[in-house]
Amino acid sequence: MHIHVKDLTKRFGGEDAVTGVTFAIEEGKLIGLLGPSGGGKTTILRMLAGLEQPTSGEIYFHGQRVENLLPQKRGIGFVFQNYALFRHMTVANNIAFGLDVQKRPRKETKERVHELLALTGLSGLGERYPHQLSGGQKQRVAFARAIAPEPQLLLLDEPFAAIDAKVRKELRTWLRELINRLGITTIFVTHDQEEAVEVADEIMVIHKGRLEQKGTPWDIYKEPQTPFVAAFIGESNLVEDCSRLKGFERAGGAKAMIRPEFIELFKFGETSLLSALEQGVVRSVFFRGTNWEVEVETGAHRLLAYRSLEKETLQAGDEVGLLIHRLYRFDDRSGSMVENTGKTDPMPIFI
Amino acid sequence: MAVPARAPAAVSRTSPRHLSEPAWIRAVLIALALLFLTLVLLLPLVTVFAEAFKRGAELYFASLREKNALSAIRLTLLVAAIAVPLNLVFGVAAAWAITKFRFRGKNLLLTLIDLPFSVSPVIAGLVFVLIFGSKGWLGPFLADQGLKVIFAVPGIVLTTVFVTFPFVARELIPLMQAQGSAEEEAAASLGAGGWRIFWKVTLPNIKWALLYGVILCNARAMGEFGAVSVVSGHIRGKTNTLPLHVEILYNEYNFSAAFACASLLVLLALATLGVKGLVEWKHGKR
Chain A
0 MHIHVKDLTK RFGGEDAVTG VTFAIEEGKL IGLLGPSGGG KTTILRMLAG
50 LEQPTSGEIY FHGQRVENLL PQKRGIGFVF QNYALFRHMT VANNIAFGLD
100 VQKRPRKETK ERVHELLALT GLSGLGERYP HQLSGGQKQR VAFARAIAPE
150 PQLLLLDEPF AAIDAKVRKE LRTWLRELIN RLGITTIFVT HDQEEAVEVA
200 DEIMVIHKGR LEQKGTPWDI YKEPQTPFVA AFIGESNLVE DCSRLKGFER
250 AGGAKAMIRP EFIELFKFGE TSLLSALEQG VVRSVFFRGT NWEVEVETGA
300 HRLLAYRSLE KETLQAGDEV GLLIHRLYRF DDRSGSMVEN TGKTDPMPIF
350 I
Chain B
0 MAVPARAPAA VSRTSPRHLS EPAWIRAVLI ALALLFLTLV LLLPLVTVFA
50 EAFKRGAELY FASLREKNAL SAIRLTLLVA AIAVPLNLVF GVAAAWAITK
100 FRFRGKNLLL TLIDLPFSVS PVIAGLVFVL IFGSKGWLGP FLADQGLKVI
150 FAVPGIVLTT VFVTFPFVAR ELIPLMQAQG SAEEEAAASL GAGGWRIFWK
200 VTLPNIKWAL LYGVILCNAR AMGEFGAVSV VSGHIRGKTN TLPLHVEILY
250 NEYNFSAAFA CASLLVLLAL ATLGVKGLVE WKHGKR
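Residue numbers (numbering that gives the first Met the number 0), protein chains in the order written: chain A, 0 to 350; chain B, 0 to 285.
Any given hint could turn out to be false.
Pair by pair, the computed Cβ-Cβ distance ranges are [stated by the list, open to error]:
no., chain 1, residue 1, chain 2, residue 2, range
1, A, G27, B, L111, 50 to 58 Å
2, A, D191, B, F102, 32 to 40 Å
3, B, A177, A, L68, 29 to 37 Å
4, B, F102, A, D330, 42 to 50 Å
The set of hints was computed from the structure by calculation and includes no laboratory data.
Everything numeric in this text was worked out from a predicted model, so none of it was measured.
Even glycine gets a Cβ: it sits at the ideal position worked out from N, Cα and C.
Only chain A is shown next, with the shape it has when bound in the complex (with noise of 0.2 Å):
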């Protein structure tokens, strides 16, 4: 179902809890509203299932205005943040409760029913109360029983907090690959940011009920719009004068965000661009799994850097040289990405 949404604001006793979010979403794609808990993320979900009146603003499916529709008539499917399944049915009736409402024949839904178990992983179960099933079960169930009706749009919110970490793991790569082969629009609330990047086509990043930046994984942590999603998206040094640094001088003097991941570590004579190099003395190492975490200090400031395995362990007390690649600069309103411009100096001073 294509989704188009304008200017849409939630006020709850006359404080905004969503304020003017605009968005449109193509049909079949599979979206994440991302953002720190309180933001609002759940009340702009709830505005399109239904369940919560907008103060303002139009919500349109396939072109139609539905923000007068009651929920029951808007073809969603939704999975609640604590599933919500009914404790006094089994997990067969769950599932049959959409398509009884359907009034389809007993024989298609006893069909239907036994499909999405099935499809579910939950071949065997459907005797069960939600009770005597496990948090990644009772998932499920709630997955399969917003399915069932055939949806075209899937809303699902914190659909994996209450599951422990590796079923959880497990459950979004199953949910990803089977939303795919079903094809519905599907929206998910997370405030986890690993989840939405693993999971959504495209990010849609929600702070103090605004809609800070759109697009996908990619793209929002590699271009950030604002300065929040810029610190929000992965790990990041504070910087508070950028023109200080190697291969930015012609930057401007502001504030800047660098990911420990654009700055590289050399030992002396690993490398020759001597012109952006930045001088600094190891304080610290972490292992960090898959990679050294190297806390470096230069000038003021104190950085975080990664070093690959695959070179010579650092130990506290080196001197090394930093490249940053490229830095996040921003003001009190906007930021922009800035490339070290030392890297591709034509003249550099070492031939």
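Starting from the known structure of chain A, fit chain B onto it as the hints suggest.
Frame of chain A; chain B shown alone:
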């Protein structure tokens, strides 16, 4: 060799010595508790039946079969049969409105529901006399329509409904608040209308609490004395409920008959407690 201390399932039934009092203190405390229970609960209960059967079972059953007694039993059952279903519907509606919706005046409604608990039953009865009595606001008008409320069955039903109003609602509200509206929202998102949501989702979730509330409501409806006494007028064979009948017999020094009728109410209370225990047991098992 056996290693008893390591047996995994061997959870000790008695707590370790350093966590409990010396034996003599325990004995004294238990004895005190038992004495108190006997004096306050058991003794009165036994007395009722002892007094009722003092002059033999024959007289006991005779005083229950007596015309005025039978009419009192009939009226009590009638009042309960009207008041309990009404409060069942009101209570469910009130609890549903308060827990599933946001609206102005919600706290006021919550306070109003508690009003019958906080007002003395005698005052509740007086209020109805002031409204429906022959000199009340509505009494003369209703009398013109040929409808007598005070000193008649409608008044008794009204006051009973008033006094027992909070039982069902009060039982449901905390439970429904704890359950939240997520399941109802899920049902709505699956396309179910309000009626279906209520019957298929809400009602099954609250049925045990509802039954519990109805049992308590019924016990009070049959046992209410104060408010009913004010509006009933004590007309024998007409407006006397069972508790009022007991009082009249007692005031006439007809102790055996009074206790025989009282024993009916006690039996009702015991049956209520039995059903209540059964409901709790069944509910707890799920």
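Evaluation of the provided hints:
1. Checked against the hint of 50 to 58 Å, the pair A:G27 and B:L111 passes, with Cβ atoms roughly 52 Å apart.
2. Here the CB-CB span from A:D191 to B:F102 is close to 36 Å, well matched to the stated 32 to 40 Å.
3. Separated by about 31 Å at the C-beta atoms, B:A177 and A:L68 satisfy the suggested range of 29 to 37 Å.
4. The given range of 42 to 50 Å is respected by B:F102 and A:D330, whose C-beta atoms sit roughly 47 Å from each other.
When the structure is compared with the earlier hints, no violation turns up for any of them.
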